[in-house]
Each structure stands twice: as C-alpha cells, then as structure tokens.
Amino acid sequence: MKFLFDRDTWQELYDSLSKNKLRSILTMVGVWWGILLLIGLLGSARGIENSFNRLFGDFATNSVFIWGQSTGKPFKGFQEGRRVRLTLTDVKKIEENVEGIEFVVPRNQNRSLVVRKLLSGTFNVSGDYPLLDKVEKKKLIHGRFINQNDINENKKTVVISEDIYKQLFEKDEDAIEEYIRINNINFQVIGIFEVNPFGGPSTDIHIPFTTFQQIYNQGEKIGWMMITGKPEFDIKQIELDTKLLLKNMHRIHPKDKRAFGSFNLGKEFAKMTGFLTGMQFLTWFVGIATLIAGVFAIGNILLITVKERTKEIGVRRALGATPFEIKRQIVIEAVFLTLLAGFLGIISGGWILIAMDKFLGQGDDAIFVNASVSISIVLIAIVILVILGTLIGLIPANKATSVKPIEALREE
Amino acid sequence: MLKINNLHKSYAIGDSSLHVLKGINLDIEDGEMVAIMGSSGSGKSTLLNIIGMLDEADSGDYILDGLPIKNLTEKKAAVYRNKFLGFIFQSFNLINYKNALENVALPLYYQGFKRKERQEKAMFYLEKVGLTDWAHHLPKELSGGQNQRVAIARALAANPKLLLADEPTGALDTTISYEIMEFLQQLNDEGKTLLIVTHEEDIANMCKRIVRLRDGVIMEDTFV
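Protein sequence lines, in the order shown, are assigned to chains A and B. In this text, residue positions in the first sequence follow the numbering used here: the first is 1, and each later residue adds one. In this text, residue positions in the second sequence follow the numbering used here: the first is 1, and each later residue adds one.
Bear in mind the hints are in silico, worked out from the structure with no lab data behind them. No residue lacks a Cβ here, since even glycine has one placed at the ideal position from N, Cα and C. There may be inaccurate statements among the hints.
Result set (BS3-like, lysine-lysine): computed pairs, CA atoms no more than 30 Å apart in a straight line [to be verified]:
1) B:116 <-> A:21
2) A:311 <-> B:70
3) B:114 <-> A:311
4) B:83 <-> A:311
5) A:399 <-> B:70
6) A:404 <-> B:83
7) B:75 <-> A:19
8) B:22 <-> A:307
9) B:70 <-> A:327
10) B:75 <-> A:327
11) A:19 <-> B:22
12) B:75 <-> A:307
13) A:19 <-> B:116
14) A:156 <-> B:75
Covered stretches of chain A, going by a simulated chain B footprint (3 or more residues, C-beta under 8 Å) [stated by the list, open to error]:
15) 27-36
16) 157-168
17) 238-244
18) 322-330
So these bits of chain A aren't anywhere near chain B, every CB distance computed over 12 Å [what the hints assert, rightly or not]:
19) 12
20) 77
21) 183
22) 279
23) 286
24) 319
25) 382
26) 409
Next comes chain A alone, as it looks inside the complex (with noise of 0.2 Å):
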C-alpha cells in the first residue's frame, strides 16, 4: 500500500491523465451519469415518499372507517334491509373484545345551518371527542381542540376549520371567544385549525360529543367509529374481527356484507407504499445498470487506451517495469477516473437535489419534500464503484503486460 503515498504514483497519474485530457473526460461521463442518475432517482423517490408521508403524517394509518348501514340478509326472524346503526356500547364491546386495538373513536356528524351576524352557511358539523385529535391530528392555528372538561360539562364550545373561519369572519377578525350559531344555539369558537387536503373525509365543525349528543337527541347512537390498531397488528383482521362483533351483537348474518360499510385507510395506504417501494425498487435497479454500463465504458476505454499505448508500455518494459508495475499503473487510472466521475456524479446529484428542493420543494403541495438521499447509501456507492473499478481495471491491465515487449515495441 506504500504506493499510494508515494508522490511519483500520483506524478505518473497525473501525467498520463491530464496530457489525454479529452480521453480521460469521456472516459469519465459513463459513470458520472450513472451516479448522477442514482443520486437523483432514489432523491426524487425518497422526496415523493417524504410528501406522501406528510400528506398522511397527521393521521393514523392504521386504521378503518366502520358505519352502519342496512342488512342484506335476513337472519334470526328479522327481514333484511333492516337499518343497523351503531351505540356507544358497540364502541365499549369493541374496546374491550377486539385484539390489537389502540383507540376506537366514535363520531357523530349532520348538516347544520351555522351563522354568525349576517353570515351564514350550511356546513358539516361534527360531535367529537379529544381523542379524535390523536387519530387525525388537527393543525390548529389558534386556540385549542375539544378537552375532556367540555365533554364533562357538555359545553357549547366550537372548534372551525380554516375555510369557515373564511366564510364567516371578517378578514384578519379574532375568532377565538367569539360566538356562532349553530341550529340556533349559541357557540363560543376556541380553535381554527388548518385543513388538510389528504386527511379522509371531511369535517368543517368539531362540537363536544356530548354536546352534540343532547342537541340533536342522538341518545346512544352514533354516527360512525374510526378504529386504530396498535402498529404490530394488522388492520385489515381487525376490520374482520370488529365487523363480526358487530354483526353478533347486532343480530346480522355473519356472511352479511352490506350491514357494515367500511374503508379501509390502512390498505390504502399499504397500496400507496407498495407503489412507493416499487419505484425504489426501479430507482436502484436503472442506477446501478447505468453504473455498472458506465463502468463498463471506462473498461472499454482503458482498453482502447491501452492499445493505443502499447508501444508506449513496452518502451516502459524494456526499461524495466516490471508487468505488476504496469498493471498497478492502468488500475490505478481506473479506479481514480471511477472514483473522481463518482465524485462529480454525487455532486452534481447533490445540485439537482438541491434545484428540485428550492423549484418542488416548496409550499404545502410540494411533490418533493426534503429529497434527499442519506449518507450511507453515498458510502455503499463509492464502495461499490472502487470495487468495480478495480475488477474493470484488471481487464485491461492483463491486456497490456499480456502483449510482449518485443511485440509491442514492434508495432509502429
């Protein structure tokens, strides 16, 4: 390894490269795009991750939407297209039976008339309860989401959603502390929270579940649960398991598929991350063909290379470099081009990362969020582009001590 520090090894690299600049910049293209097409792909995947991720950061993803419909079967002496809707017990049951289940939120939710001063408009208004904030996290831009002491005390309390605030305020008017009515019955805002344009179905007004309960006289029922399983359980047998609860506590055929609508967010999103993985998948698999093509290249290259030097390694012979010298020689130029296109590839990758960062990057409905590829992967590439160098390298350097001197000093 002593070569390596020797000055002279790197005098003759120099030499040898910079007086062929033009063969030696060729020789590096191949694999500087090859780096740069990989920097860039698995940048560009990882940024589409990255957005999709925040689209569905603020809500948990392991979880189904399950609603009451009306059966399609009869069963037990009931007829069907009996309508089935869920209680507060079924939550209770659910809670306490199903296996794998980290919250289940019940939610109640109708169309109200809401006004304020002259302003007015028909929006959906939703009872909720605190926990709803843990399943699907409410960007808040004031105040504070529904709390268990609203609940308790069945307060009029309201929290808005950016677009009514827009629909019922005056632009720049504090909200919070402010009253609107909804079916006539006054309420006090204490929160506006962003909308988030991927965050499953749609409320504009969240209200305490319990209020909600006593204004619209729901009594036990409910609207609708979202249920969230634990992260080591699959979402799609809890689905199953919940549905067959219900269809056991509520008298339908067990093979009753119209009682219960559901959707399933998890398996969405599975599909979406699927999709994900499968263009990582594509990213490396083009990247490293089009690095190992450009390695390949500068193999081809150094070939030719050594050909056209022929005349100039047997004149180095017969003035006594031995064939390893030789070979350490031509390997050497290998890996140094592999390595510095390599360079240049994971820099101007790092550009384009940057542009696609400051040009998509930007603003809540950016493609790319923070594209990026991570250090590690930067490693394993000129990891693997010293190796291929070298093994390229060989193929040359066997060619030009495999001619003998004689041979090659012949050759005019």
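Here the structure of chain A is known, so what remains is to put chain B in place on it, guided by the hints.
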C-alpha cells in the same frame, strides 16, 4: 561481458517455422563497440532482442556478466533489463507526453530512486548529451537528433553495463548520424560497452568490431 553459445531461434509462421538464428557464437568483452551488420532478414534484430531479453532463444546459452539468462519470468527480465541494459531505438521511443527530463528519469523511477535523486541524475545525463536547455521540452518540440540524444541519455541514466542500439541512426540524416555515432564513440572511450545493429556500412565502420550476419549465421567477424 557477454557470451553466446550455439544460439538458435525460430518463429512459427502458420504451419511452417522460420529458422532465424542458426547457431550463433559470440563473445563480447568489456569496453568493446560492436556493430552487427546484415541485410534485413539476416536475424540481426532477433539477436539484439534476445541479448536485450525482450525475446528468448529456443536453445543455446546466453551469459551476461556471468549471469545465465534463461527461463526468466517477466518480472526478473524486467529487473535485469533495468539493471544491465540500456536501449536505444531507431524511432527513439520516447514517451510523447513526458518532457526530456522526465523521459530520462523514467528508468530511474523503475529502479526505485527518490524523485530528487532522479531529477539530479537525469539532469546530469542530459548535460552529458548537451541538452540541458531542452530539459523541459516535449519530444515533439525537439529535432530527430535531439530526440535520439534524449534517448541515449535515457539509456545511460540507469548506468547499464551494456548499451544496445537498434539502428540508432536509421531515422536521421547523414550529418546528424555521424554526430550521434561520434557521441557513441565518446561513450565507448569512457568505457561503455556498445552493441549497435545497423545495415549502413559507414556507421558500422565507426565501430571497433563488425560482426556480419547472413541467414542466421555469423559470416564474418572483423576488427576495424
């Protein structure tokens, strides 16, 4: 210095083989200046290549400075070449992207000299061939005579026991040829052993001894 006994060499050409050297016997003492003459195809270049360890004989002995040269590995051959021999070629064979000084220093690099020492030694030999002012010029910036002198300096740099010149004046005009030969004579006067392959009578006559080859055998061996 050099002892050759019953040396044979043939090349395979297709199915038949061409017998190039048919039993060469040659003794060269220290400080001699020998011209090997012969028309093309007489085997003179083959003989030179074998002496230069660039090629190997089929049979016969070749002893250089007491060392039998036989069945050499490429590595060993390289080391011997570097230690014992200096080559001067017809077409100079300088490395075109290295300047005169670097070209001269190259054999020293393979001998493992430190950079500084190499530069000094190379400069010394360039001075000897009168090209100090041209040290940092590339071969293409020099005339043919100058290039051949750089090549001679390079051959001298490793301080070899034997200088081998293959048609050293073949690419030069008469005046320059004589200049080069005078310089080689001067080297011989300083004690260097030289072996020069040529087909020019006047060049051969500038040497101390002429060995004439024809059809792979020595026809005549005369001292001038």
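Tested hints:
1. B:116 <-> A:21: Distance of about 27 Å is within 30 Å: holds.
2. A:311 <-> B:70: Since the Cα atoms of residue 311 of chain A and residue 70 of chain B sit roughly 25 Å apart, the hinted pair holds (cutoff 30 Å).
3. B:114 <-> A:311: 26 Å, holds
4. B:83 <-> A:311: Holds: residue 83 of chain B and residue 311 of chain A sit about 21 Å apart, inside 30 Å.
5. A:399 <-> B:70: 25 Å, holds
6. A:404 <-> B:83: Holds, at roughly 19 Å.
7. B:75 <-> A:19: 28 Å, holds
8. B:22 <-> A:307: 34 Å, violated
9. B:70 <-> A:327: Given pair residue 70 of chain B, residue 327 of chain A holds - Cα atoms ~24 Å apart, limit 30 Å.
10. B:75 <-> A:327: 12 Å, holds
11. A:19 <-> B:22: 45 Å, violated
12. B:75 <-> A:307: 21 Å, holds
13. A:19 <-> B:116: 23 Å, holds
14. A:156 <-> B:75: Violated, because 95 Å separates the two Cα atoms, which is more than 30 Å.
15. 27-36: Check failed, 0 qualifying residues.
16. 157-168: Violated, because only 0 residues of the stretch 157-168 of chain A bring their Cβ atoms closer than 8 Å to Cβ atoms of chain B.
17. 238-244: Violated: only 0 residues of the stretch 238-244 of chain A have a Cβ under 8 Å from chain B.
18. 322-330: n = 4 at 8 Å, threshold three: holds.
19. 12: 8 Å, violated
20. 77: Consistent with the label, residue 77 of chain A stays out of reach of chain B, its closest Cβ about 99 Å off (over 12 Å).
21. 183: 91 Å, holds
22. 279: 47 Å, holds
23. 286: Given a closest Cβ separation of 38 Å, the condition holds.
24. 319: 4 Å, violated
25. 382: 29 Å, holds
26. 409: 7 Å, violated
In summary, the structure is inconsistent with hints 8, 11, 14, 15, 16, 17, 19, 24 and 26 from the numbered list given earlier, while agreeing with the others.
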